[in-house]
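Chains as they are written, first to last, in my numbering: chain A, 3 to 336; chain B, 84 to 403.
Check before you lean on any hint, since a few could be wrong.
[Stated by the list, open to error] 30 Å max Cα-Cα, derived DSBU-like pairs, lysine-lysine:
hint : chain 1 : residue 1 : chain 2 : residue 2
1    : B       : K329      : B       : K297
2    : B       : K136      : B       : K299
3    : B       : K136      : A       : K235
4    : B       : K339      : B       : K389
5    : B       : K102      : B       : K136
6    : B       : K340      : B       : K356
7    : B       : K257      : B       : K329
8    : B       : K297      : B       : K340
9    : A       : K173      : A       : K189
10   : A       : K235      : B       : K339
11   : A       : K235      : B       : K201
12   : B       : K155      : A       : K235
13   : B       : K340      : B       : K329
14   : A       : K235      : B       : K159
15   : B       : K329      : B       : K356
[As the list claims (entries may be wrong)] Computed footprint of chain B on chain A, listed as stretches where at least three residues anywhere in the stretch have a Cβ under 8 Å from a Cβ of chain B:
hint : segment
16   : 207 to 219
17   : 226 to 237
18   : 275 to 282
[Stated by the list, open to error] Under 10 Å between C-beta atoms, here's a sample of chain B residues computed to sit facing chain A:
hint : residue
19   : H173
20   : L185
21   : L208
Since the hints were made in silico from the structure, they are not lab data.
Predicted model only: the values in this text are computed from it and were never measured.
Backbone N, C-alpha and C define an ideal beta-carbon position, used for all residues, glycine too.
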Amino acid sequence: MANRFLLPILLLLLLSLFLLNIGLGTVSISPLEVLKVLFSEEGKESSSAIILNYRMPQALTACLAGLSLGVAGLLMQTLFRNALAGPSVLGISSGASLGVALVMLAGVGLGHWSGKLMVVFGAVLGAGAVLFFVVSIARRVSSGATLLIVGLMMGYLVSAMVSILQHFSTKEALQSFVFWGFGSFSKVTWADMPILASVVGFGLMLSIFLLKPLNGLLLGEAYARSMGIEVNKVRSMVILSSGILTAVITAYCGPIAFLGLAVPHFARLLIRNSNHRILLPTTALVGACLGLACNLVARVPGSSMSLPLNAVTSMVGAPLVIFLVLGARKRIQG
Amino acid sequence: MRLLATSNLAIGYQSALHKQISLGLEEGELVCLLGPNGAGKSTLIKTLFGVLKPLGGQVEIGQKSLASLSPKAIAKQVAVVLTDRVSEEHLRVRDLVAMGRLPYAGLLGGLGEEDYQKVDEALSLTGVSAFADRLVGDLSDGERQKVMIARALAQDTQLIFLDEPTAHLDLPSKISIMHLLRRLARESGKAMVVSTHDMDIALQTADKLWLMAKEKPFVAGVPEDLVIDGSFGHYFQLGEVVFDVKSGSFVMDVPKKAFVNVQGEGPEAIWLKRALERNGFGVGMSAVSIEANERSFRLSNGAELKTIAEVLANLPSLFE
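Chain A extracted, bound-state conformation (with noise of 0.2 Å):
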C-alpha cells in the first residue's frame, strides 16, 4: 500500500520545507550555511543572528499553526459531519478578534512588548468566553446540528460587535488591526515559544484521547451512543480541545484563514481513510508541511517583500482542495 511510504515522504518533506523556511528570504542563506548555523558554532554571525532569531521561530511557529488548525478542523468536521466545517465555525476565532478589537480600540498597539502581550491576552479572554458559551450550550443541545448553527450564529454576532468597534476606532488603531487580521507566524518570539508548544500540546493530547470517539462519531451520533459513546461528554470535549488550538494560534498568529477547513480535505485524499487513529496523525503532518508552504511562499524568498499570509493560505489552499476533490470524483465514478 502506498500508504506504508507516505509517513516517510510527508516527514521528509516537512524537513525540507523547514529548512527551505529557514534559508529563503530576502537573504538567503545557503542550505550548507543553514546546517552549520544549527549544528555548529562554526556559522557567520549574520545568518546565525537571523536564522536563530528570526527564522527558526517563525518555522516552528508555522508548523505549529498548520498542525493545530489541521487538527481542529479535523475535529470540527468529524463532530459536526460536514465537510465544509472549520475551527471557525464554532466563533471562537471570531471570539479572539473581538478580544484584539477591544484591546488594540483601547489604543494599545503592537509595537512594545506590554502591547502584543495584552493583545494575545485579548484574543484569549475573547476566545474563551466564546469557548465557553459553546461548551455550556453543547451540554445542553442534543443535535450537533443545532449547536453547528449556534456557533456559526454566535461568529456573526461577535463579527458584528466588531465592525461596529472597528465603526468607533482611530485611523491607526484600524490599521493596526487590519494588519493583525492579515495574520502572521513572526510574531512568536523565543519568550513566547515555550506558553505556545505546551497549549498547542495539551490540545493535542486532549485530541489524542478523544481517538476512539471520534471514530464512532464517524456513524453518526445514533450510532456512537449504540457503541457506549457518550455523545454529550465527548462532543464538549471535541470542541474545548479544537477551541484551545484555534485559540491559541489566533492570540499569536491572527485569524488563519482556511488552514484548518483544507488540511483535513488534503489528508484524507492522501490515505482514503478516515479512521482517526491514522487520520489524525497525517493530519497533524500534512498542516505543518501546509503551514511552512504558505509562509514560505507569503514571504516571497528573494524580494524585499512580503505577502499578507492570509490570502496565501486561502490562495494556495484552495485551487489545491479544489483540484484534489475534483480528482477524487473521478476515481470514484470512473
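Go by the hints and put chain B onto chain A.
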C-alpha cells in the same frame, strides 16, 4: 433464557405514544416489529437501548434494569442497525465493522487479537468478507446493509435491534437480509428485533410479531395466531384495504362485479384466480366457468385459450 423484558413501559418524546407495553424476548428469537408509519416503532427501539428515556415503567436487559447500566455496559448487551445512512466516503468495510469493537477497545481505541478475530467472524457470517477492503461509498444498498449487520455482530451482544433494515432494498435483497438474520438468530442464539413494513416477509420469517399502531394497544404473539384472531388485519386496516385471512395478504375490499367458477388445481388455476380477483371478479359458484388445464383454459362457451390475457379479453362476452 429471557434476554429482554419490559413492564408497563411508556414510550414517547414529550407525551406518551404508548403506555403499558409489556414484552419479552427469548434467546434465539427473531421478532418482527410491525406497524404503520408513525406508530412508534423507532421510538420503541430507541427506548429499548437507552437512547430515549422511558416515560414510565421499566426495561430490563439480562435481568438488570437498563437505567442502572452505563452506556458502555449497554453497548456490550445491545447492538443496533439504524436507519441513519452512513455518509462517510473514506471508510473501508473492515474498518466500519471493526467499529463494533469500540466498547471493548482500549482508551485510545486500539484493538487486540480477539477483536480482529470477532471482526473476521462477523465479516464471514454475513458473507461480506470478499469486499472487506472496499470503501463503504462504493457498495450497493443491500451490501451496505449487510456490512451494518456485520458491524452489529462484531459488537458481540446478545441482542440486536434493527430499524427497518430492508427499507429501500429490492425484493430479493429484502428476503436475503431477512433469511440472514433468521439464520444468525438460530445459529448464535442472539435475539433480534427487526422493525419492517414488509408484512409478507415478516409473516414468513418471524418467530413472533410485535404489532404497534397509533391509539391501539401493543400486541405480541406468534404470527399465525395473530392472523387467525384478526389482530393482524385489525392493525393495518386502511379504508378499503383489508387483510384476507385465507390468502394471508392484503386485498382491496370492493364489491365484486360478478362471479366466475374456476376449475382445476395447478398453477394455471391459482394464477387465473388472482388475475380474476385483481380485475374485480369473485371466484365462486357461477354459471360462467373456466377450466384451467396445463397451458390452456377452456371457457364455458367452449372456447379454448392459451393465455390469461386472452381469458381476460374474452371474459365480458361470457356474461352477455
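Hints and how they fare:
1. B:K329 to B:K297: 26 Å, holds
2. B:K136 to B:K299: OK: B:K136 and B:K299 at ~22 Å, within 30 Å.
3. B:K136 to A:K235: With a Cα-Cα distance of about 18 Å, the restraint between B:K136 and A:K235 holds, given a limit of 30 Å.
4. B:K339 to B:K389: Judged against 30 Å, a Cα distance of about 25 Å means the pair holds.
5. B:K102 to B:K136: Holds, at about 14 Å.
6. B:K340 to B:K356: Measuring from Cα to Cα gives roughly 14 Å; hence the hint holds.
7. B:K257 to B:K329: OK: B:K257 and B:K329 at ~24 Å, within 30 Å.
8. B:K297 to B:K340: 35 Å, violated
9. A:K173 to A:K189: 22 Å, holds
10. A:K235 to B:K339: Violated, at roughly 63 Å.
11. A:K235 to B:K201: Distance ~28 Å between A:K235 and B:K201 Cα, so the pair holds.
12. B:K155 to A:K235: 14 Å, holds
13. B:K340 to B:K329: It holds: about 21 Å lies between the C-alpha atoms, which stays within 30 Å.
14. A:K235 to B:K159: 20 Å, holds
15. B:K329 to B:K356: Distance ~13 Å between B:K329 and B:K356 Cα, so the pair holds.
16. 207 to 219: holds (count 6)
17. 226 to 237: holds (count 6)
18. 275 to 282: holds (count 5)
19. H173: For B:H173, the interface hint holds, since the closest Cβ of chain A sits about 5 Å away, which is under 10 Å.
20. L185: 5 Å, holds
21. L208: With a closest approach of 19 Å, the B:L208 hint is violated.
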